[in-house]
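> Sequence:
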Amino acid sequence: MSIERDVQYRVLTRTQADPDSKGRTVNISSSGVLFTTDQVMIPGRRVEVAIDWPAQLNNKCALKLVARGRIVRFEGDRAALEIMQHEFRTRGNRP
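For reference, each letter of the sequence shown is one residue, going 0 to 94 in numbering that gives the first Met the number 0.
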């Protein structure tokens, strides 16, 4: 499904997580996310993404989709993430 949303992502390692970076989703499915990045994303790397979700909880509370998985493809400025786990979280109001 073609959903263009802002995305924050970070590469996960065994000892730490890299600082958050920003990109934009190109499309999302139940099994993966294709997003833009200004970093080289090596296939096999574990990544966590947080996507501002277009729907609200009870028409009141903003949501974000937080997903973890691994990079399966990288071409140009686009990375494909295979989702291994995900959850919806509420997100605070932004100033």
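A few of these clues could be false.
Cβ pair distances, simulated, as ranges [what the hints assert, rightly or not]:
{"hint": "1", "residue 1": "Lys59", "residue 2": "Arg13", "range": "34 to 44 Å"}
{"hint": "2", "residue 1": "Ile41", "residue 2": "Gln84", "range": "28 to 38 Å"}
{"hint": "3", "residue 1": "Ile2", "residue 2": "Asn58", "range": "18 to 28 Å"}
{"hint": "4", "residue 1": "Ala54", "residue 2": "Thr14", "range": "19 to 29 Å"}
{"hint": "5", "residue 1": "Arg77", "residue 2": "Arg45", "range": "14 to 24 Å"}
{"hint": "6", "residue 1": "Ala61", "residue 2": "Asp19", "range": "17 to 27 Å"}
Quick list of in silico lysine to aspartate or glutamate cross-link-like pairs, EDC-like style, CA-CA up to 16 Å [what the hints assert, rightly or not]:
{"hint": "7", "residue 1": "Lys59", "residue 2": "Glu47"}
{"hint": "8", "residue 1": "Lys63", "residue 2": "Asp37"}
{"hint": "9", "residue 1": "Lys21", "residue 2": "Asp37"}
{"hint": "10", "residue 1": "Lys21", "residue 2": "Asp5"}
{"hint": "11", "residue 1": "Lys63", "residue 2": "Glu86"}
{"hint": "12", "residue 1": "Lys59", "residue 2": "Asp37"}
{"hint": "13", "residue 1": "Lys21", "residue 2": "Glu86"}
{"hint": "14", "residue 1": "Lys21", "residue 2": "Glu47"}
{"hint": "15", "residue 1": "Lys63", "residue 2": "Asp51"}
{"hint": "16", "residue 1": "Lys63", "residue 2": "Asp5"}
{"hint": "17", "residue 1": "Lys63", "residue 2": "Glu3"}
Simulated from the structure, these hints should not be mistaken for lab results. All C-beta atoms in this analysis are idealised placements derived from N, C-alpha and C, irrespective of residue type, glycine included.
> Sort out whether Glu86 lies within 16 Å of Lys21, counting only the CA atoms.
Violated, because 19 Å separates the two Cα atoms, which is more than 16 Å.
> Is the gap between the beta carbons of Lys59 and Arg13 within 34 to 44 Å?
Cβ of Lys59 to Cβ of Arg13: about 39 Å, so the range 34 to 44 Å holds.
> Within 16 Å, alpha carbon to alpha carbon, are Lys63 and Glu3?
holds (14 Å)
> Return holds or violated for the Cβ distance of Arg77 and Arg45 against the range 14 to 24 Å.
Given about 18 Å between the Cβ atoms, the range holds.
> Run the distance test for Lys21 versus Asp5: straight-line Cα separation, threshold 16 Å.
holds (7 Å)
> Does Glu47 lie within 16 Å of Lys21 when you go C-alpha to C-alpha?
Status holds; Cα separation ~12 Å.
> Below or equal to 16 Å on CA atoms is what counts here, so check Lys59 against Glu47.
Answer violated: Lys59 to Glu47 is near 26 Å, above 16 Å.
> Take the C-alpha atoms of Lys63 and Asp5, compute the straight-line distance between them, and say whether it is at most 16 Å.
Within the cut-off at roughly 10 Å; holds.
> Compare the distance between the alpha carbons of Lys21 and Asp37 with 16 Å, and conclude whether the hinted pair is satisfied.
Given that 16 Å is the threshold and the Cα spacing comes to 8 Å, the pair holds.
> A range of 18 to 28 Å was offered for this pair. Does it hold for the Cβ distance of Ile2 and Asn58?
holds (19 Å)
> Within 17 to 27 Å: is that where the Cβ-Cβ distance between Ala61 and Asp19 falls?
holds (18 Å)
> Decide if the proposed pair is consistent with the structure: Lys63 and Glu86, CA atoms, cutoff 16 Å inclusive.
Cα-Cα ~8 Å, so holds.
Hints 2, 4, 7, 8, 12 and 13 from the earlier list are contradicted by this structure; the remaining hints agree with it.
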